[in-house]
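**Q** Listed here are the chains, written in short residue letters.
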Amino acid sequence: MLLFRSEENVTQWCRARGLPMRPLVSLAQLWQLAVAWYGNRLTVESRRPQPDEMASIFASVGLTGAFWDPNADGWRRTT
Amino acid sequence: MDIDTQVKLQIYDMVARTGAVPSTLDVARTIPAPLDDVAAAFRRLQEKRLLVPEPGDASRIRMAPPFSGVPTQFRVRVGERRFYANCVWDALGIPAALHAAALVEAVDGHTGEPITLEITAAGPVPVPCVIHFAVPAARWWDDIVHT
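Protein sequences appear in the order of chains A and B. 1 is the number of the first residue of the first sequence in the numbering used here; add one for each residue after it. 1 is the number of the first residue of the second sequence in the numbering used here; add one for each residue after it.
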């Protein structure tokens, strides 16, 4: 995931690579994700969030839909 | 404490203190523990997606998220310490993990314009920017270095 100064820069970046525009995330949302994901990473009990936990974390910051679903079959490779 | 937890904590302690990710040998010497046991723990931590080894050399770490074992375009300063992050999410993940204020030096993904993010105890100081996730969550680990 990359940082851009503006949505227009994302549009141009995607166009230059022939890639679809994906959902945009704000800096405030990304901070909430960082805290949820890594806030206890240096502790004994730390572990990577499991798929259901990931979906809950995304939903808690307003990121919902298949793009944010780690179990979404439609996004998985078929080969 | 089991060996996997000891190794995990040692890795993160070393990178948090120095900014450099350790090798299996570094960790084995520091715990101390047999090198083969530490190498096996590295493999299990990789299976848990807590580590990504350097391609072609499983004794070295490419990623111990949020930390990067190699220089990237996401540099993070916490006091006198310097870190590299794997992506902009991980760049915020470093101050989140260290519970410390930080300065993130990054660039616009399209123009290369430098963008500095100040992270305080209350979170990032607002600046004009957006974050673009090009890969859906279900495919992040198809190629995590690309993601």
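In case anyone wonders, no lab produced these hints; they're calculated from the structure. Just so it is clear, the structure is predicted and the values come from calculations on it, not from any experiment. Cβ coordinates follow ideal geometry from the N, Cα and C atoms, glycine included. Just to be clear, a hint being listed does not mean it is correct.
Not close to chain B: a few residues of chain A, all C-beta gaps over 10 Å, as computed [stated by the list, open to error]: (1) 52; (2) 56; (3) 60; (4) 62.
To be clear about the criterion: a stretch of chain B counts as covered by chain A if any three or more of its residues have a C-beta under 8 Å from a C-beta of chain A, and this derived list gives those stretches [as the list claims (entries may be wrong)]: (5) 27-40; (6) 52-62.
**Q** Hint compliance check: list the failing hint numbers for this structure, sorted ascending.
**A** When the structure is compared with the hints, numbers 5 and 6 turn out to be violated.
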